[in-house]
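K.L.:
Listed here are the chains, written in short residue letters.
Number of protein chains: 2
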Amino acid sequence: MQYSLEVRIELKKGVIDAEGETVKKTLNLLGYEVEGVNTVSVYVIRLSAESEEEAMEKMDEAARRLLANPVIQNYSISAVK
Amino acid sequence: MQYSLEVRIELKKGVIDAEGETVKKTLNLLGYEVEGVNTVSVYVIRLSAESEEEAMEKMDEAARRLLANPVIQNYSISAVK
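Each protein sequence line maps, in turn, to chains V and P.
The first sequence begins at 1 in this note's numbering and counts up by one.
The second sequence begins at 1 in this note's numbering and counts up by one.
What the hints contain is simulated information worked out from the structure, not anything from laboratory work.
Here the structure is a predicted model, which is why all the values come from computation and not from measurement.
Hints should not be assumed to be uniformly reliable.
[What the hints assert, rightly or not] These stretches of chain P come out as covered by chain V in the derived footprint (C-beta under 8 Å, 3 or more residues):
(1) 11-18
(2) 68-81
[Unchecked claim] Here are the simulated DSBU-like pairs of lysine-lysine, each with C-alpha atoms no more than 30 Å apart in a straight line:
(3) Lys13(V) with Lys81(P)
(4) Lys25(V) with Lys25(P)
(5) Lys13(P) with Lys13(V)
(6) Lys25(V) with Lys12(P)
Positions of the beta carbon are idealized from the N, C-alpha and C atoms, including for glycine.
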């Protein structure tokens, strides 16, 4: 069966989010009173697997190996219905 | 009150997702039978407003003005609880 999973990658606490900082400053310059901006990268992945569990396990491994940098990023995986 | 909103920016249908294509090819090379990958950018924005509705309206305007490119991207906004 085909499954659709979402891998969500965020910077760990304490890691400077340069893009988020820039967006915040620009929004402030445009007059929006924004207090903070964090950027998150999401990959929506379609794959075939025997079960949702298997699909999640595969993509958990893939996230560790390829998608996220474990030194500075956290990731989470969820199924898209 | 302070609100936390999530602005989610996706490419419109028909727009080539180069990053997604690259991730898909690399996952295939690593042996994962992935059929498609789409990338999504998310900005988690904290701001003060009178109501959640006002916060959403402000960020809807900001998304149109700054965060999304309406020619190639769609965006959606949701409140983070």
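K.L.:
Indicate, hint by hint, whether the structure satisfies it.
P.N.:
So, going through the hints one by one against the coordinates:
1. 11-18: violated (count 0)
2. 68-81: violated (count 0)
3. Lys13(V) with Lys81(P): Holds, because 19 Å separates the two Cα atoms, which is no more than 30 Å.
4. Lys25(V) with Lys25(P): 36 Å, violated
5. Lys13(P) with Lys13(V): It is violated: about 34 Å lies between the C-alpha atoms, which goes past 30 Å.
6. Lys25(V) with Lys12(P): With a Cα-Cα distance of about 27 Å, the restraint between Lys25(V) and Lys12(P) holds, given a limit of 30 Å.
Of the hints listed earlier, those the structure fails to meet are numbers 1, 2, 4 and 5, in rising order.
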